[in-house]
Amino acid sequence: MSKVGVFVCHCGTNIAAAVDVVRACEAAKSMPGVVHAAEYKYMCSEPGQQMILDAIKEYGLKRIVIASCSPRMHETTFRKMLKKSGVNEYLIEIANIREQVAWVHDDKEKATEKAIDLIRMAVAKVCRDEPLKSQMIPITKRALVIGGGIAGIQAALDIADAGHEVTLVEREPSIGGRMVMLDKTFPTLDCSACISTPKMVDVSAHPNIRLLAYSEVAKVEGYIGNFTVTIRQKARYVNHDICTGCGACSEKCPAKVPSAFNKGLSKRPAIYTLFPQAVPAKPVIDKDSCIKLKSGKCGVCEKICPLGCINYEDEDMEFTEDFGAIVTATGYQTADWAQMYDEYGAGRFPDVIDGLTFERLVNASGPTEGHIVRPSDGTEPKTISIIKCVGSRDPKKGRAYCSRACCMYAAKHARQIFGKIEGVRVFIFYIDVRTPGKGYEEFYDKTREDGAIYVRGRVSRIYKEGDTLICQAEDSLLGKQVRVKSDLVILETAMEPAEGSASVAGMLGAAVDGDGWLTEAHPKLRPVETQVGGVFLAGVCQGPKDIPDTVSQASAAAAKVIGLLNKNEMESSPMIASVEADKCSGCSACEAICPYKAITMGEQPGREAGGNSKKVMRPIAVVNAGLCQGCGACTVACRTGAIDLLGYRNRQILEEVDALWV
Amino acid sequence: MNYTEKTKLIQTRAAALLEAGEVSYVLGWGATRFADKTRARFARSPEEAATLVYNEHCTQSLAKYLVDDRWPETRIAILARGCESRAINRMIRDNQIRRENLLILGLPCEGTDAERCRSCRAHDPVVYDELLWEPNSTGAAAAAELSRYYRADAVDALSAAEKKAYWDDVYARCIRCYACRNACPVCSCRECFVDMHRTGFQGKRHSATDNQTFGVTRAFHVGDRCIECGECERACPMGLPILAQTQKILKEIEALAGDYEQGLDAAQDNYLGAFDLDDKDDFM
Amino acid sequence: MGINEATTYEPKILAFCCNWCTYTGADLAGLNRMKYPANVRVVRVPCSGRVNPQFILRAFARGADGVMVCGCHPGDCHYTTGNYFTRRRFMLMKKVLEFNGIEPQRFHARWISGSEAAKFRDAVTEVAQVVKALGPAATKVTTQASSKAPASADIESSVQKEGAL
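Protein chains in written order, with the numbering used here: chain A, 1 to 662; chain B, 1 to 284; chain C, 1 to 165.
The set of hints was computed from the structure by calculation and includes no laboratory data.
Please note that a few of the clues may not be correct.
Claimed, not checked - Covered stretches of chain B (in silico footprint by chain A; criterion: 3 or more residues with CB under 8 Å from a CB of chain A, positions within the stretch not fixed):
#1 86-96
#2 181-191
Said to hold, decoys possible - Not close to chain A: a few residues of chain C, all C-beta gaps over 10 Å, as computed:
#3 Lys12
#4 Asp27
#5 Val51
#6 Thr81
#7 Lys94
#8 Lys95
#9 Pro104
#10 Ser113
#11 Asp122
#12 Glu126
#13 Ala138
Ideal placement from N, C-alpha and C gives every residue a C-beta, glycine not left out.
With the hints as extra help, turn the sequences into a complete structure.
Next comes the structure, spelled out in structure tokens:
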């Protein structure tokens with residue numbers, strides 16, 4: 001006999017009022033494998049559990065069925081109870097006779113019949129349950145942060161402050177990301193550089209942080225607690241171990257190319273630091289514009305460098321490092337509006353600029369030292385139009401979503417303009433004004449008080465009349481066409497996932513949504529986790545947000561990482577896929593269907609039919625217990641049933657089905 | 001070129017390969033004691049190469065034999081028409097055989113006396129190392145007398161009650177000998193679900209229901225990888241319309257996802273092993 | 001089933017529900033004390049992607065009057081992609097059942113989230129009505145006296161094994 005014990009719970013009157021529990025208990029006694037059945041008022045209570053434990057001893061029960069509330073309620077309670085009894089905690093099944101019987105059916109006769117059916121199914125399944133044991137997975141106590149913007153910086157600092165090692169990888173020559181490009185930040189109008197550069201310095205000075213600028217993640221292998229990451233250090237052509245960052249090389253470099261950091265408003269040399277406060281404050285050579293590297297002539301920097309740091313032979317270098325957790329903070333880029341909006345001149349008018357360009361224009365350390373001038377002729381604009389939702393909330397041309405920060409960003413631009421140009425007129429074209437955030441609505445009110453003119457309508461066309469630009473729109477509040485003569489037009493463009501973020505997501509096995517943003521494990525309850533264990537999200541890579549939200553999310557991700565790294569090892573669920581190697585034909589159908597890359601093709605030696613009686617290495621599927629989440633998709637892909645899901649084996653489910661029609 | 005000339009070409013090439021020791025054997029067809037039947041022949045020497053034949057009675061598709069010799073010391077030469085070549089591609093995709101172990105002698109085909117050849121749209125081999133003669137331009141799809149899904153179409157035309165009666169009759173006759181499975185080039189499991197007594201997917205009774213469970217399950221297992229060679233029907237001793245089940249699956253996949261043909265190359269995904277975010281769910 | 005089968009006929013419907021969405025939704029229907037016919041029996045599976053078409057064939061072979069497969073909405077799968085495979089499989093399954101003379105109205109698939117208790121109730125009610133109107137399934141194995149699985153001998157042997165565990 002199987003020695004199954006069945007315990008029917010009354011749940012006070014919750015179950016007993018709608019189900020004849022005594023009859024259900026009697027019926028259970030005659031089910032195959034059942035040696036003992038009992039009913040009780042509250043099975044989950046202390047005496048209820050004791051009653052089960054006593055029955056296990058008295059009747060030598062080896063498997064338990066509990067007919068009670070949903071397994072989602074008390075499955076763990078009863079598993080813990082079994083641990084005390086010596087019976088493996090996975091040799092238990094719960095028949096859900098409360099939520100799915102007693103509470104939903106009025107007819108006691110039918111409800112009782114259904115309860116008996118569910119008990120019979122649970123008994124059939126429990127007879128096929130196997131004792132399972134969870135594995136302990138060791139955890140590498142080091143975190144990787146991908147992206148050195150404010151999100152990555154904050155996450156790295158928080159994790160490092162908690163005492164864990166962090167490697168911060170940034171693809172640009174300096175950390176800082178988008179935030180250091182900004183002049184001021186809303187709603188306080190404090191200087192962006194003043195609050196972000198100290199954090200950058202903290203990163204470089206922190207004993208627990210290893211900063212790898214000008215580097216990229218090339219490959220990610222492994223799983224939670226045990227990632228092995230290949231990092232590519234791009235060729236810098238400058239030996240940073242010796243370089244002091246004196247800047248002599250950059251001054252003398254004869255090559256000049258438009259500075260991407262300054263949005264093309266100024267030029268930079270081929271050997272350069274991204275901006276004056278860059279961290280690390282040491283230059284790299286951009287191989288695409290260096291005259292020496294392109295033509296072999298020049299070599300000025302090598303001659304000028306007092307320490308001999310320049311090495312034209314430098315090459316990309318790859319190395320691997322182990323991590324226990326990964327934070328993705330790959331950020332965003334602004335939409336390429338010129339490709340989307342032909343009616344705004346598609347880049348033909350130099351005085352139509354995007355918001356980030358304006359930030360460089362208005363920035364005291366920017367190319368104009370903070371003077372707002374027209375890029376075309378260097379004159380001070382007297383009328384400025386700001387257009388919101390360029391590429392956002394525009395599914396036809398750009399993205400359907402709201403980029404969230406632009407309403408405040410536009411208001412901030414207006415305030416910055418008022419602060420710098422006497423008597424200037426500012427028009428802001430909007431669809432809606434969205435200011436949910438602490439102090440945001442007040443900021444917007446103040447912007448209007450300062451004189452910003454808000455026009456409700458999407459600009460349909462920008463054209464040139466002489467020296468000025470005309471913004472034409474329908475003012476949807478007036479119901480009239482308006483034309484605004486503007487000296488300068490600022491487009492508040494949409495945030496888009498940073499170039500390359502999809503490939504990072506791909507390497508990590510993390511999902512991205514239709515717009516390319518990384519997807520959180522649960523939009524409400526697991527907002528900084530991905531569905532890949534040990535991979536977390538910080539900042540805009542998960543979706544548009546402003547700086548306060550970005551920093552909060554980065555700290556939240558850091559908290560999750562710290563929680564993980566504080567453990568030495570973690571328990572993995574034993575209810576995962578398992579391969580019966582002898583049956584596996586190595587067809588790899590399961591490998592393709594696994595959402596977690598948990599299945600790889602390994603080899604099994606043996607003398608095989610068709611192997612000419614030599615020992616051959618046969619391909620077979622291998623499940624990584626750390627990666628497998630137990631979804632069971634592979635089991636259906638496997639035609640032979642060689643891969644099966646522990647706890648939900650094919651045979652167990654078939655027995656449940658069969659038990660319903662005895 | 002007639003069959004005698006083609007046979008000669010095959011014999012000559014096979015003999016040369018075996019003489020040079022380039023292949024361990026040549027997998028082709030040989031004569032039987034019935035004039036209108038051939039069978040698979042493994043020619044292992046130049047002398048045996050002279051016994052290979054090729055004619056309109058070569059109804060058997062040879063590819064399935066390759067899984068019986070997965071680790072050959074020397075390459076295997078196989079005569080491959082459209083059906084064999086597609087099977088080879090699919091078997092490579094399923095990790096069952098390796099391309100480097102094969103020397104594929106491509107035979108552009110004009111069809112045999114098997115019924116399934118009358119619906120064949122793939123006379124020319126899609127993968128080969130050498131072609132023994134030039135493709136016949138009239139081969140291919142144009143020559144198909146029967147529509148691609150002729151069996152499935154016939155059943156689809158029936159009413160619900162007629163369908164039930166049709167399959168009741170078919171599965172009352174099925175003896176579950178599993179010859180269809182054994183002959184099928186994409187049935188490559190080491191242990192078939194029907195043999196797994198402990199898992200119990202397949203009831204062991206001889207009942208129409210259990211027979212149908214087998215038939216439908218098999219169709220699900222091979223349907224989206226079916227290369228439409230018709231070996232299942234050729235092997236069936238009861239002459240059952242086995243192709244109808246797989247044709248139905250292919251037909252529905254094509255209706256859902258557009259052009260769908262398996263075995264065209266060795267990297268092709270099968271429908272049920274992939275998904276599209278925009279897949280329909282109007283069956284709900 | 002007795003003599004007056006026609007009047008007292010209550011179909012038995014098997015529903016495979018994923019643990020994360022539909023099973024939770026079904027529990028929520030209970031918490032909200034929603035009422036629905038007592039014809040459905042739920043089998044809990046981790047994901048609708050775990051449901052093998054062979055389970056459905058088996059249920060019909062055993063005499064199920066109706067079978068349901070329910071999971072998270074596309075895009076909401078707890079395991080990211082499981083239900084996309086479900087969608088393909090059962091789209092085909094429905095066609096194949098019809099092709100095989102098994103009334104397609106006996107097979108239903110639904111996306112029901114953890115919060116859609118009412119949708120669960122409505123789906124179960126609707127399927128019960130549809131199946132009841134169809135009458136008892138004709139697919140049941142009828143050729144032998146016992147349609148019981150060869151279970152007893154099997155259980156014995158596995159129990160003997162268990163002693164060694």
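Going through the hints against the structure:
Coverage of the stretch 86-96 of chain B by chain A holds [criterion: at least 3 residues with CB-CB distance below 8 Å; count 3]. Check result for the stretch 181-191 of chain B against chain A: holds, 4 residues qualifying (beta carbon to beta carbon below 8 Å, three or more required). At roughly 6 Å, the least C-beta separation between C:Lys12 and chain A is not larger than 10 Å, which violates its mark as non-interface. Residue-level check failed: C:Asp27 sits 4 Å from the nearest beta carbon of chain A, not beyond 10 Å.
Listed as a non-interface residue, C:Val51 fails to keep its Cβ farther than 10 Å from every Cβ of chain A; the least gap is roughly 7 Å. Consistency note on C:Thr81: stated as away from chain A, yet its beta-carbon is not over 10 Å from all of that chain's, at 5 Å minimum. For C:Lys94, the condition that its CB be more than 10 Å from all CB atoms of chain A holds, with the nearest at approximately 16 Å. The Cβ of C:Lys95 sits about 18 Å from the closest Cβ of chain A, beyond the 10 Å cut-off, so the non-interface label holds.
No beta-carbon of chain A comes within 10 Å of the beta-carbon of C:Pro104; the shortest separation is about 20 Å. With a cut of 10 Å on Cβ distances, C:Ser113 stays outside the contact zone with chain A, its closest approach being about 12 Å. Annotated as non-interface, C:Asp122 keeps its C-beta farther than 10 Å from every C-beta of chain A; the closest such distance is 13 Å. No beta-carbon of chain A comes within 10 Å of the beta-carbon of C:Glu126; the shortest separation is about 15 Å.
No beta-carbon of chain A comes within 10 Å of the beta-carbon of C:Ala138; the shortest separation is about 15 Å.
Checked against the numbered hints above, the structure violates hints 3, 4, 5 and 6; every other hint is satisfied.
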